[in-house]
Amino acid sequence: MAGVRLEKIHKSFGADAVAVRALDLEIAEREFLSLLGPSGCGKTTTLRMLAGLEQPTSGRIFIGGREVTEVAPGRRDIAMVFQSYALYPHMTVGENIAYPLKKRGVPSAERKAMVARTVDLLQLGPLVDRKPRQLSGGQQQRVALGRAIVRDPAVFLLDEPLSNLDAKLRAHMRAELIQLQKRLGKTMVYVTHDQLEAMTMSDRIAIMNKGELQQLGTPDEIYRRPANRFVAGFVGTPAMNFATGRMTVADGRPAFAGAGLTIPLPPGHPVEGEAGAGGRAVEIGIRPEDVVVGEGPFEGRIRVVEPTGHETIVLFAAGEADLVTRVPGGIALKAGEAVRFRVRAENAHLFDQADGRRLGAAAGH
Amino acid sequence: MTRRGPVAQAIYSLFAWTVVLIVAFPLVWMVLTSLKPQFELFTIPPTILPQEPTLEHYARLLNETPFPLYFRNSALIAVGTTMLVVVVATLGAHSLVRFAYPGRRWLAQMVLFTYLLPSVVLIIPLYLLMVWVGVANTLFSLVIAYTTFALPFALWLLRSFMAAIPDELEHAALVDGATRMEAFVDVILPQALPGVISTALFTFILAWNEYLYALVLVNRDDARPLTTGVINMLTSAFNIEWSLLMAASVMMSVPLIVAFAFLQKHLTRGFGAGGVKG
Ligand SMILES: Nc1ncnc2c1ncn2[C@@H]1O[C@H](COP(=O)(O)OP(=O)(O)O)[C@@H](O)[C@H]1O
Ligand SMILES: [Mg+2]
Numbered sequence: 062m063a064g065v066r067l068e069k070i071h072k073s074f075g076a077d078a079v080a081v082r083a084l085d086l087e088i089a090e091r092e093f094l095s096l097l098g099p100s101g102c103g104k105t106t107t108l109r110m111l112a113g114l115e116q117p118t119s120g121r122i123f124i125g126g127r128e129v130t131e132v133a134p135g136r137r138d139i140a141m142v143f144q145s146y147a148l149y150p151h152m153t154v155g156e157n158i159a160y161p162l163k164k165r166g167v168p169s170a171e172r173k174a175m176v177a178r179t180v181d182l183l184q185l186g187p188l189v190d191r192k193p194r195q196l197s198g199g200q201q202q203r204v205a206l207g208r209a210i211v212r213d214p215a216v217f218l219l220d221e222p223l224s225n226l227d228a229k230l231r232a233h234m235r236a237e238l239i240q241l242q243k244r245l246g247k248t249m250v251y252v253t254h255d256q257l258e259a260m261t262m263s264d265r266i267a268i269m270n271k272g273e274l275q276q277l278g279t280p281d282e283i284y285r286r287p288a289n290r291f292v293a294g295f296v297g298t299p300a301m302n303f304a305t306g307r308m309t310v311a312d313g314r315p316a317f318a319g320a321g322l323t324i325p326l327p328p329g330h331p332v333e334g335e336a337g338a339g340g341r342a343v344e345i346g347i348r349p350e351d352v353v354v355g356e357g358p359f360e361g362r363i364r365v366v367e368p369t370g371h372e373t374i375v376l377f378a379a380g381e382a383d384l385v386t387r388v389p390g391g392i393a394l395k396a397g398e399a400v401r402f403r404v405r406a407e408n409a410h411l412f413d414q415a416d417g418r419r420l421g422a423a424a425g426h
Numbered sequence: 331m332t333r334r335g336p337v338a339q340a341i342y343s344l345f346a347w348t349v350v351l352i353v354a355f356p357l358v359w360m361v362l363t364s365l366k367p368q369f370e371l372f373t374i375p376p377t378i379l380p381q382e383p384t385l386e387h388y389a390r391l392l393n394e395t396p397f398p399l400y401f402r403n404s405a406l407i408a409v410g411t412t413m414l415v416v417v418v419a420t421l422g423a424h425s426l427v428r429f430a431y432p433g434r435r436w437l438a439q440m441v442l443f444t445y446l447l448p449s450v451v452l453i454i455p456l457y458l459l460m461v462w463v464g465v466a467n468t469l470f471s472l473v474i475a476y477t478t479f480a481l482p483f484a485l486w487l488l489r490s491f492m493a494a495i496p497d498e499l500e501h502a503a504l505v506d507g508a509t510r511m512e513a514f515v516d517v518i519l520p521q522a523l524p525g526v527i528s529t530a531l532f533t534f535i536l537a538w539n540e541y542l543y544a545l546v547l548v549n550r551d552d553a554r555p556l557t558t559g560v561i562n563m564l565t566s567a568f569n570i571e572w573s574l575l576m577a578a579s580v581m582m583s584v585p586l587i588v589a590f591a592f593l594q595k596h597l598t599r600g601f602g603a604g605g606v607k608g
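Protein chains in written order, with the numbering used here: chain P, 62 to 426; chain R, 331 to 608.
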């Protein structure tokens, strides 16, 4: 079994530069796990500790059930794809791919066969004798992948591998990477700051912020049940709508009141599972698709209309809040118009203003 | 390249060729003189081309003087110094760039500081040190002496080359199963090659041409390099053997010219390429 386990991993660079804090993470065999978070949140540092390029200040690392905290990078049975690809400039594509085999003492004949298989798999055939600088970004990316998969490691570590590609190629490589992972059946740890990549490719996502794990879950869980205010705000495009206020009671039901809006929460809403919620200072979060314009109890005024083709993003003001919603493309709305709207309150999230934690998180949804 | 008119072009060419001629004239004169028989040197009017070209001075130098010994000494000193400096400077520069340890920056600045010291002030302390250690009057003492002033420059030159190499390259090699030393040899060194060659050339020339230290640190005839050996052998209070001196000078220049011819390609390629891209 070739899973990965991080136990209480802590990493600081100097006294007050903590890069990773008390990180516990268990990655199953064959799982595609993304480390997602804003720049500087400690993703790369975490990956480099997994690779053995950085020593954790404290904590333990296991790969495939074996503790590797003190083991050299080359003996961890991992392969890594770097953000800059890090191809050896003075070696040809073939030599680059063969290098890890050479360093492991694979005999020459066997080496040739393994390189040939990898070259076939990634369709690098016509490029084997070229130097990296004679390749396009996409081709360099494939060579970096080739160098990683050629020796069949237990775990792949990828650090923002697509971030240097243009948008179209990125979408293509995303699909290719997913297929590759299914085909190889290997554990992959994938670092990205791009939520679209994480959402589309991952089995599970670990969201980090300021060196701390915020939530670990499937893309669906992360989207539908964000554990805290940070996760809710980080995932989703356009971003979730937020308004600050208090928990009150309206018509005998718990309700949110703030920013000039009162939103009653329907029976079964997770906030019912939260003891002592009444009167608490909270922030409400509503996804753009849960704000429905056309009719409803609330009124707002449209400020900006952004058609994107198949849908239109509409920004409008209601009470003291600025809200975003998405409507199907082709619906005629104009800036300055008044609109009526309703909110799917059953999908509204409530976060404690003090610590950002989601209310009723334990109750499920 | 900027475009120039034909007139400007002509002026540039004229200027460049004038400079080349001024620089080249003594060298050409040296070669021509070495080929003239002794009696032709002081004829009036002087001849430009040798009337009766001869290799007798070269033959005498090689067969009847200690010139071959001095040549061997110089070669050993220059090659030894170059190897020592290149090995220490590549590893040292890599350490200054990549490893974090207390005093790293301070160390780098001290290295530069020693380079700024005029070498004359170190000569006597160094000599006393050599005597104390018991290596005075040996080729080895000159290797050490030349290393002391080639190394700081070499470290700084190589440091900038090393700093331009992305550390992800070295990390990739480590993940691929290389040891630290293998990563250095397989990946770092090839990237720093233009810098290593420049360093080697600089050190070789310095060690080959050095005079002052050789004069002070070595006063045993069989340990002299070419610079002091030849002067010692061919000049005396009464007489300078010009033809022999010129022939010796020509032969002293040959190794440098050969080294340049072989390495120039790498030098220009290195400088032309600028940094290293991953
Ligand atoms: N070698 C280092 N020395 C000092 N600080 C570092 C070093 N590497 C990373 N950091 C700091 O650790 C934090 C996390 O960095 P990193 O893991 O690279 O973030 P990410 O990959 O998520 O953008 C940042 O604040 C960064 O400045
Ligand atoms: Mg990073």
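These aren't lab readings, by the way, just hints derived from the structure by calculation. C-beta atoms are modelled at their ideal positions from N, C-alpha and C, and glycine is treated no differently. Accuracy of the hints is not assured; some may be wrong.
Partial selection, computed: residues in chain R whose CB lies under 7 Å from chain P [claimed, not checked]:
no., residue
1, Glu498
2, Ala508
3, Met511
With a cut-off of at most 25 Å between alpha-carbon atoms, the simulated DMTMM-like pairs for lysine to aspartate or glutamate come out as follows [what the hints assert, rightly or not]:
no., chain 1, residue 1, chain 2, residue 2
4, P, Lys243, P, Asp281
5, P, Lys395, P, Asp383
6, P, Lys69, P, Glu273
7, P, Lys192, R, Glu382
8, P, Lys271, P, Asp138
9, P, Lys163, R, Glu498
10, P, Lys192, R, Glu512
11, P, Lys271, P, Asp181
12, R, Lys595, P, Glu273
13, P, Lys395, P, Glu344
14, P, Lys173, R, Glu512
15, P, Lys163, R, Asp497
16, P, Lys69, P, Asp383
17, P, Lys164, R, Glu571
18, P, Lys69, P, Asp138
19, P, Lys271, P, Glu221
20, P, Lys243, P, Glu273
21, P, Lys164, R, Asp551
22, P, Lys164, R, Glu386
23, P, Lys395, P, Asp416
24, P, Lys271, P, Asp255
25, P, Lys163, R, Glu386
26, P, Lys271, R, Glu512
27, P, Lys192, R, Asp497
Here is how each hint holds up against the structure:
1. For Glu498/R, the suggested interface contact is upheld, since its CB lies about 4 Å from the closest CB of chain P, less than 7 Å.
2. Restraint check, Ala508/R versus chain P: the minimum CB separation of about 5 Å is within 7 Å; hint holds.
3. The beta carbon of Met511/R is not positioned within 7 Å of any beta carbon in chain P (closest approach about 12 Å), and the interface hint is therefore violated.
4. In summary, the hint linking Lys243/P to Asp281/P is supported, as the alpha carbons are separated by about 20 Å, within the 25 Å threshold.
5. Restraint check for Lys395/P and Asp383/P: satisfied, since their Cα atoms lie roughly 16 Å apart, inside the 25 Å limit.
6. Between Lys69/P and Glu273/P the alpha-carbon distance is near 11 Å, which keeps this suggested pair within the 25 Å criterion.
7. Proximity of Lys192/P to Glu382/R is assessed by CA-CA distance (about 56 Å); at most 25 Å being required, the pair is judged violated.
8. For the hint linking Lys271/P to Asp138/P, the alpha-carbon distance of about 29 Å lies beyond 25 Å, and the restraint is violated.
9. At most 25 Å may separate the alpha-carbon atoms for a hinted pair to count; Lys163/P and Glu498/R meet this at roughly 19 Å.
10. Between Lys192/P and Glu512/R the CA atoms are separated by roughly 21 Å; this keeps the pair inside 25 Å, and the hint holds.
11. Distance restraint check for Lys271/P and Asp181/P: the Cα-Cα separation of roughly 41 Å exceeds the 25 Å cut-off, and the hinted pair is therefore not satisfied.
12. This hinted pair does not check out: Lys595/R and Glu273/P have alpha carbons roughly 52 Å apart, beyond 25 Å.
13. Taking the CA atoms of Lys395/P and Glu344/P, the gap is near 29 Å; set against the 25 Å cutoff, the hint is violated.
14. Using a Cα cut-off of 25 Å, the hinted pair Lys173/P and Glu512/R holds, with the two alpha carbons roughly 21 Å apart.
15. At roughly 21 Å between alpha-carbon atoms, Lys163/P and Asp497/R fall within 25 Å of each other, so this suggested pair holds.
16. Taking the CA atoms of Lys69/P and Asp383/P, the gap is near 40 Å; set against the 25 Å cutoff, the hint is violated.
17. Under the criterion of a C-alpha separation no larger than 25 Å, the hint pairing Lys164/P with Glu571/R is inconsistent with the structure, at around 60 Å.
18. Among the hinted pairs, Lys69/P with Asp138/P is consistent with the structure: their alpha-carbon atoms are about 22 Å apart, no more than 25 Å.
19. Among the hinted pairs, Lys271/P with Glu221/P is consistent with the structure: their alpha-carbon atoms are about 18 Å apart, no more than 25 Å.
20. With a C-alpha separation of about 29 Å, the suggested pairing of Lys243/P with Glu273/P is violated against the 25 Å cut-off.
21. Of the supplied pair hints, the one linking Lys164/P and Asp551/R is violated, its CA atoms being roughly 51 Å apart against a limit of 25 Å.
22. With a C-alpha separation of about 58 Å, the suggested pairing of Lys164/P with Glu386/R is violated against the 25 Å cut-off.
23. A hinted pair counts as satisfied when its Cα atoms are at most 25 Å apart, and Lys395/P with Asp416/P does not qualify at roughly 39 Å.
24. With a C-alpha separation of about 16 Å, the suggested pair Lys271/P and Asp255/P falls inside the 25 Å cut-off, and the hint holds.
25. Pair hint Lys163/P plus Glu386/R does not hold up; C-alpha atoms about 57 Å apart against a cutoff of 25 Å.
26. At roughly 36 Å between alpha-carbon atoms, Lys271/P and Glu512/R are farther apart than 25 Å, so this suggested pair is violated.
27. Distance check on the hinted pair: Lys192/P and Asp497/R sit about 19 Å apart at the alpha-carbon level, within 25 Å; holds.
Hints 3, 7, 8, 11, 12, 13, 16, 17, 20, 21, 22, 23, 25 and 26 from the earlier list are contradicted by this structure; the remaining hints agree with it.
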